[in-house]
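The residues making up each chain are set out below.
There are 4 protein chains.
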Amino acid sequence: MIITLKKDAPQNVVDELINQFENEGLQVNIIHGDNFNVFGLVGDTAKLDDRRIKANQWVEDVTRIAAPYKLANRMFHPEDSIIDVANIKVGGNNPIVIIGGPCSVEGREEIIDIAKSVKDAGGNMLRGGAYKPRTSPYAFQGKGYEGILDLVAARETTGLPIVSEIMSADKISEFVDHVDLVQIGARNMQNFDLLKEVGKINKPILLKRGLSSTIEEWIMSAEYIMAAGNPNVILCERGIRTFERYTRNTLDLAVIPIIKEKTHLPIIIDPSHATGDWKLVEASSLAAIAAGADGLIIEVHNNPECAWSDGAQSLKPEKFKKLIEKSKRIAQAVDREIL
Amino acid sequence: MIITLKKDAPQNVVDELINQFENEGLQVNIIHGDNFNVFGLVGDTAKLDDRRIKANQWVEDVTRIAAPYKLANRMFHPEDSIIDVANIKVGGNNPIVIIGGPCSVEGREEIIDIAKSVKDAGGNMLRGGAYKPRTSPYAFQGKGYEGILDLVAARETTGLPIVSEIMSADKISEFVDHVDLVQIGARNMQNFDLLKEVGKINKPILLKRGLSSTIEEWIMSAEYIMAAGNPNVILCERGIRTFERYTRNTLDLAVIPIIKEKTHLPIIIDPSHATGDWKLVEASSLAAIAAGADGLIIEVHNNPECAWSDGAQSLKPEKFKKLIEKSKRIAQAVDREIL
Amino acid sequence: MIITLKKDAPQNVVDELINQFENEGLQVNIIHGDNFNVFGLVGDTAKLDDRRIKANQWVEDVTRIAAPYKLANRMFHPEDSIIDVANIKVGGNNPIVIIGGPCSVEGREEIIDIAKSVKDAGGNMLRGGAYKPRTSPYAFQGKGYEGILDLVAARETTGLPIVSEIMSADKISEFVDHVDLVQIGARNMQNFDLLKEVGKINKPILLKRGLSSTIEEWIMSAEYIMAAGNPNVILCERGIRTFERYTRNTLDLAVIPIIKEKTHLPIIIDPSHATGDWKLVEASSLAAIAAGADGLIIEVHNNPECAWSDGAQSLKPEKFKKLIEKSKRIAQAVDREIL
Amino acid sequence: MIITLKKDAPQNVVDELINQFENEGLQVNIIHGDNFNVFGLVGDTAKLDDRRIKANQWVEDVTRIAAPYKLANRMFHPEDSIIDVANIKVGGNNPIVIIGGPCSVEGREEIIDIAKSVKDAGGNMLRGGAYKPRTSPYAFQGKGYEGILDLVAARETTGLPIVSEIMSADKISEFVDHVDLVQIGARNMQNFDLLKEVGKINKPILLKRGLSSTIEEWIMSAEYIMAAGNPNVILCERGIRTFERYTRNTLDLAVIPIIKEKTHLPIIIDPSHATGDWKLVEASSLAAIAAGADGLIIEVHNNPECAWSDGAQSLKPEKFKKLIEKSKRIAQAVDREIL
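Residue numbers (our numbering), protein chains in the order written: chain U, 1 to 339; chain P, 1 to 339; chain C, 1 to 339; chain A, 1 to 339.
Be a bit skeptical, because a hint or two may be false.
[Unchecked claim] If we take Cβ atoms under 7 Å as the criterion, some of the chain C residues that face chain A in the derived model are:
| hint | residue |
| --- | --- |
| 1 | R52 |
| 2 | E60 |
| 3 | A67 |
| 4 | P68 |
| 5 | P137 |
| 6 | S168 |
| 7 | R187 |
| 8 | Q190 |
| 9 | F192 |
| 10 | N302 |
| 11 | E305 |
[What the hints assert, rightly or not] Below are the DMTMM-like pairs computed for lysine to aspartate or glutamate, each with C-alpha atoms no more than 20 Å apart in a straight line:
| hint | chain 1 | residue 1 | chain 2 | residue 2 |
| --- | --- | --- | --- | --- |
| 12 | P | K262 | C | D61 |
| 13 | A | K262 | A | D80 |
| 14 | C | K279 | A | D50 |
| 15 | P | K47 | P | E305 |
| 16 | U | K262 | A | D61 |
| 17 | A | K316 | C | E60 |
| 18 | C | K279 | A | D61 |
| 19 | C | K260 | P | D61 |
| 20 | A | K328 | P | D335 |
| 21 | A | K328 | A | E318 |
| 22 | A | K196 | C | D170 |
| 23 | C | K6 | P | E261 |
| 24 | A | K326 | P | D335 |
| 25 | P | K70 | P | D49 |
| 26 | U | K196 | U | D177 |
| 27 | P | K279 | U | D61 |
| 28 | U | K321 | C | D335 |
| 29 | A | K262 | U | D177 |
| 30 | C | K262 | C | E216 |
| 31 | C | K7 | P | E79 |
| 32 | U | K119 | U | E109 |
What the hints contain is simulated information worked out from the structure, not anything from laboratory work. Ideal Cβ positions, reconstructed from N, Cα and C, are used throughout, including at glycine.
Put together the whole structure using the sequences plus the hints.
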């Protein structure tokens, strides 16, 4: 950690700071600059609170050298983590997985129908929201537990593992009992109590990036889950909020090589939520695979115009099938394959 | 609601859409433009899902005319809502309230000390975090229930009502029993399950704006609480995330006149979290009052350098006192007073 | 154009507005809603100034239905525009072009060396900055006209057409005389006087997107050039400014299908400026081609550590060569080829 | 400057780097950390290009300690700069100046009328655009030189100094001859050629912040003008582009104390462009004065509904007058006065 001190800091303040850092077992190196003095702290600085140091009026700035995450850090865990989702391996050199399904589960028959379409098209897992985060209290909030059971029925029919979003810790047993890949949505990426709870379970977690989360904050949320005991985290980029409003969000594909450099976790891409427009899903999906994504999660609906939520970004099954076919060609071009 | 249709939409699609809207009890007005046709829907369109309509490939765009919120809407509730927090009235022409206190409750003695300082300086309520949302799992997470009880002790000593953040619905009885103003933090602004839960209690709610929430999304989160039965919502702007990183966030003071035009709810400002730098808190506070804020919530700590969290943005009591004195002069200049 | 009027607007205001629009040759359709009245204007509304209408205190909102651009609009020009750059055809189904070269021209020998490397690697055009927009007045500002002549020498040696940025209208004759593709940089995307000037010349223009420009503003800047008489515009996405600072900018690849839907102009991608980090250039380039880009512009330098500007994002020639090889495979996978 | 090196950097790379820095006259201090080694460079690092250093594959990160600006830096020029605009002193403890006038000059009579209204209301300078940056090539582009002469006529009638925007260096003599305060607009904040040109003239410059410019970039643009020989720069905040679209831009008032800490230049606020909505101008203006602004620049029009540009954000003279009256009360409350 690098601490920049104002040149006119009184000696007793300087001494006190040095003392304080040394008491925490850190080694303090001082560089006397022209306009500032700089402290270089060596040792385990993860426990230091940079904002607390910055509160000192003589401190100009504080810069971290080491990343604040450890369990997720590639530096301390050089091999790729492979996450097992109901026997499908995600990450590393494993085949790219394609998850498809509707935004919301609307009924048992409907979800079984879509599940069949997803499977026929070549999809590997089924997504579907039973609990739905909706901006408006007047919008459809999901079928709840009934929706989970509908997904289970669709799994029984098709064999596809199921992915669904958990919104509240008090529903955790439903997810442990029935869901194969437990999703934390973008709005809950920093719902730390929920992160701690899913850190205690024995199911893989799909952690979506928050709308305005930096890459580091996102990795720190993965670290929460891992620190609580669950190392099985798959990261999912789904677009960030920017000034551009033509698309619902701006898909940030540079995160793929960054996540792979900084962490050992798999990363998949959600082009449906990122763009919010079915016309943009195919191009974004192909781009994601070309950039090295370990998977895609895509909204598919038999009749998007009747979907209870997010119809605008849902593909019809035939478009989804075509997308998978094209994805296979891109995957081959980067020496990978689609599951 | 205005729906723009591609000019070459087949007649049967057009007829089907009209039919569908009329079945929902809406009146459909059609305007034939040069490049598009436009449907103007009259009636209660709040229940329509614009993204579902947009899923239709012939639909170019969907624009809402009426705001999607009702209970919070000034149009249907022209008088200012006055929120009662332990007999302190917030909003309307009531005196501006100043809430002060540390980011985290660190111990009983410490919080009683700060509470006294806050009171001596002229503060009206005491804030303090017992449950803390922290980016890092390795950072201090708050004292929990013990912290709540410490706040209660500080209230007993000083008479100041207490404000604290709830992070999880399973702690709600602690807040109902002990806390005077229950805060929903920025990261939980769209934790809809938590919003619904605090909508069922009989305590006023301080709803912070999310880091990347639009004004409309923020009002919709207030609407969640109100729709669940709790009309006692105070809004709190605490800065939004932008490209500028010199400040922690960018304080958006234009929301004050906007919230007052669009809603009937009180709005207070948090300059400490907005700027993240104690040197910027005073100027931002005075600006907020000049712009019409109903209150301020400010971090105060006897020794920011030892604060367990967010020392960088905490004022020492003497600075806080000075800030209140200056605030009084600004309040007078806009024909208001500080409580 | 849709104009939302407050319900309590006085009749004489309403009449006056109708009168005003009808005098401009527009047909006014009125829809009486529950809380607002809505005017739908039919006719050529491009000349109407929506902000002027919004100044009326009874007007709640103004929404454009038709896009404000005409010459760039796919609706009125359905076929792809093919832009000729020194006999290389860009856009439509033509092969994807790869432009490579250093950020700055540093000397004649150096640029000839790099040009050879670019050609050997399979690049189709040479980029190099002679006039450099630099944040700091103390940074290297480019070699100016000498740099242009160095580029000419490199073209003579290699046959590669040259691409360079114009920063000021008074240098236009240098560019007309010597440069094959005239670049307008991101910082000048709304330097309207410069846009008008390059609209008068007979050279193709490479128009980069501004750091914080919406897609519509970007197309409107193309429209400026086209309206001034030069239809030969190639658009170039180079990342937008967002809250994320890990990358220099956030590359927005969804613009590829959007630009192709909304306009008939070719679009190329600049992954070097978008990411600011050579380690991210390859993944971003492959993604761009998979998403349908008509070309790439990439920084290449024989010795990035000695580059006078933007070394951090420059590839060494061998990495550039590898990138082109991989790009060819991706191009094939989307049924295109690299030139 | 702090350079973080990967721990496994080969010794010859390390030696070469040290050598290189020492050759530039810098002193190199090395701190050996657990996972990284850190170089602290002491001396004049302003000339070093951090992106060039970052190009080295063994370099993990580069952090500047000292600000890259010198002439604008408060550290080397502790007293406030006072800028003289036609004998009106701006900055320091001088009275706050109020600049009013239309977005565009529409005609001689009109501008004289508005100038009188501005003066009657208590305004101190007249603004008016003769050259207008407009997003659309089809929108009114300003009256050009005729507009400048109209402003001169208005000055002759009222005595108010005139402020107008220059868009192109080839018009510089018109501004030198006639305009009292030469404005660089937000879109040209990084039109470096124009900055250099206005750096050579003997007139004060009003430098608006770019829509997506960081505070440091903005100060660096001031540094361009100062480095070219013109120390008379007034900074003007006019809102930044964020995800929030309810307002045209987001007004960032924290820049007032920041600019005053980091630089010695005066800062004024433009609430009209920042908010884009006349209903929000008053609250934003009062907030700006409370936060310590040295002036305001406000759009005023006798008939905003007929304004040729930006009617939506223009105040009618009576509202402007009221705003000044309220501003006086706020100014008093912060121990300042309005001119």
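- Query: Is the straight-line distance between the alpha-carbon of K260 of chain C and that of D61 of chain P 20 Å or less?
  - Reply: Judged against 20 Å, a Cα distance of about 18 Å means the pair holds.
- Task: Identify whether the interface hint at F192 of chain C stands, where standing means a beta carbon of chain A within less than 7 Å of its own.
- Result: Holds, about 5 Å.
- Task: Assess, step by step, whether the Cα of K321 of chain U is no farther than 20 Å from the Cα of D335 of chain C, and give holds or violated.
- Result: Status holds; Cα separation ~18 Å.
- Item | Holds or violated: K262 of chain A to D177 of chain U, with C-alpha atoms at most 20 Å apart | violated (58 Å)
- Message: Please check whether Q190 of chain C passes as an interface residue: C-beta within 7 Å of a C-beta belonging to chain A.
- Response: holds (4 Å)
- Query: Is the shortest C-beta separation between R187 of chain C and chain A less than 7 Å?
  - Reply: Result: holds, 4 Å to nearest chain A Cβ.
- Starting from K262 of chain U, check that the Cα of D61 of chain A is at most 20 Å away, please. Measuring from Cα to Cα gives roughly 14 Å; hence the hint holds.
- Item | Distance restraint between K262 of chain A and D80 of chain A, which requires alpha-carbon spacing of 20 Å or less | Within the cut-off at roughly 11 Å; holds.
- Classify the hint on R52 of chain C as holds or violated, based on whether any CB of chain A lies nearer than 7 Å to its CB. Nearest chain A Cβ about 4 Å off; hint holds.
- Query: Within 20 Å, alpha carbon to alpha carbon, are K316 of chain A and E60 of chain C?
  - Reply: Cα-Cα ~18 Å, so holds.
- Item | Pair hint outcome, K279 of chain P versus D61 of chain U [Cα-Cα no greater than 20 Å] | With a Cα-Cα distance of about 13 Å, the restraint between K279 of chain P and D61 of chain U holds, given a limit of 20 Å.
- Restraint status (C-alpha distance of K328 of chain A to D335 of chain P at most 20 Å): holds (13 Å)
Of the numbered hints given earlier, the model fails hints 2, 3, 10, 15 and 29; all others are met.
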